[in-house]
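Each chain, written out:
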Amino acid sequence: ETGVTQTPRHLVMGMTNKKSLKCEQHLGHNAMYWYKQSAKKPLELMFVYSLEERVENNSVPSRFSPECPNSSHLFLHLHTLQPEDSALYLCASSQDARTDTQYFGPGTRLTVL
Amino acid sequence: KNQVEQSPQSLIILEGKNCTLQCNYTVSPFSNLRWYKQDTGRGPVSLTIMTFSENTKSNGRYTATLDADTKQSSLHITASQLSDSASYICVVSFITNDYKLSFGAGTTVTVRA
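Protein chains in written order, with this note's numbering: chain F, 9 to 121; chain C, 10 to 122.
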């Protein structure tokens with residue numbers, strides 16, 4: 009185990025639903041990340057948080073809303089998603105945002121119907 | 010165009026055989042290069058990391074090489090085992106005002122008995 013947990017592991021939702029993904033890291037890190045992984049494509053960085061402040065937002069649609077209440081927890085709130093949003097959503101953490109050694113969680117497999 | 014290209018996209022090998030995966034990158038200025046292994050349903054786990062001055066790095070049956078002049082890296086798997094079936098992702102770190110990561114799309118390796 010990498011010390012990064014994600015729940016749920018699988019999620020199926022309709023386009024009108026609202027759901028949230030949760031990530032928790034037990035490593036004492038100060039930076040956390042959300043990535044989207046689609047089949048046969050490179051990981052896409054979505055959001056970066058450092059000390060609970062969002063430091064990067066890579067032009068992600070507003071139907072994805074992150075929340076970082078403290079340095080150990082990260083959420084991704086989902087609403088009005090599209091079928092093309094179906095993917096594996098990975099959370100990662102690192103000691104700080106200037107450290108490139110990242111530890112990944114197992115991911116949430118999201119299917120939007 | 011992605012700055013990290015991996016080949017082949019997928020390959021199938023027999024248990025006990027060797028294989029080599031390729032990674033070409035155009036990222037600059039280069040900081041380091043990592044190979045990650047991602048098992049199905051899991052997040053990526055770091056296998057090796059190499060800086061500019063390192064030509065080779067081993068982790069058990071995995072050996073990574075780096076040619077910073079030609080901007081090429083390879084990952085060699087020796088005496089493959091069924092547990093080597095996974096996606097292998099090349100990740101290049103580069104520095105602008107802060108560090109950035111550029112991900113390859115991965116090579117899917119299937120080891121058959």
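If you are wondering where the hints come from, they were derived from the structure by calculation, not from laboratory data. Mixed in with the good hints there might be a few duds.
[Stated by the list, open to error] Among chain C residues calculated to face chain F with C-beta under 7 Å, some are:
#1 G52
#2 P53
#3 A77
#4 K80
#5 S102
#6 F103
#7 G113
[As the list claims (entries may be wrong)] In silico DSS-like links for lysine-lysine, alpha-carbon gap of 25 Å or less:
#8 C:K26 / C:K66
#9 C:K80 / F:K49
#10 F:K44 / F:K30
#11 C:K109 / F:K48
#12 C:K66 / F:K44
#13 C:K80 / C:K109
#14 C:K109 / F:K27
#15 C:K66 / C:K109
#16 F:K30 / F:K49
#17 C:K109 / F:K44
All C-beta atoms in this analysis are idealised placements derived from N, C-alpha and C, irrespective of residue type, glycine included.
A quick look at each hint next to the structure:
1. Because the smallest distance between the Cβ of G52 of chain C and any Cβ of chain F comes to about 3 Å, under 7 Å, the interface hint for this residue holds.
2. For P53 of chain C, the interface hint holds, since its Cβ comes within 7 Å of a Cβ in chain F; the closest pair sits about 5 Å apart.
3. Taken as an interface hint, A77 of chain C does not check out: its beta carbon lies about 17 Å from the nearest beta carbon of chain F, beyond 7 Å.
4. For K80 of chain C, the shortest C-beta to C-beta distance to chain F is roughly 17 Å, which exceeds 7 Å, and the interface hint is violated.
5. The criterion of a C-beta within 7 Å of any C-beta in chain F is met by S102 of chain C, whose closest approach is roughly 4 Å, and the hint holds.
6. Against a cut-off of 7 Å between C-beta atoms, the interface hint on F103 of chain C is violated, since the closest Cβ of chain F lies about 9 Å away.
7. Annotation: interface hint on G113 of chain C holds; nearest CB of chain F at approximately 6 Å, less than 7 Å.
8. Distance restraint check for K26 of chain C and K66 of chain C: the Cα-Cα separation of roughly 20 Å lies within the 25 Å cut-off, and the hinted pair is therefore satisfied.
9. Using a Cα cut-off of 25 Å, the hinted pair K80 of chain C and K49 of chain F holds, with the two alpha carbons roughly 21 Å apart.
10. The suggested pairing of K44 of chain F with K30 of chain F holds, with an alpha-carbon distance near 14 Å, which does not exceed 25 Å.
11. Of the pairs offered as hints, the one joining K109 of chain C and K48 of chain F holds, with about 21 Å between alpha carbons and a cut-off of 25 Å not exceeded.
12. Between K66 of chain C and K44 of chain F, the direct Cα distance comes to roughly 29 Å. Violation of the 25 Å bound is thereby established for this hinted pair.
13. Distance restraint check for K80 of chain C and K109 of chain C: the Cα-Cα separation of roughly 17 Å lies within the 25 Å cut-off, and the hinted pair is therefore satisfied.
14. Of the pairs offered as hints, the one joining K109 of chain C and K27 of chain F is violated, with about 30 Å between alpha carbons and a cut-off of 25 Å exceeded.
15. Proximity of K66 of chain C to K109 of chain C is assessed by CA-CA distance (about 22 Å); at most 25 Å being required, the pair is judged to hold.
16. Straight-line distance between C-alpha atoms of K30 of chain F and K49 of chain F comes to about 23 Å, which keeps the hinted pair within the 25 Å bound.
17. For the proposed pair K109 of chain C and K44 of chain F, the alpha carbon gap of about 16 Å is at most 25 Å, so the pair holds.
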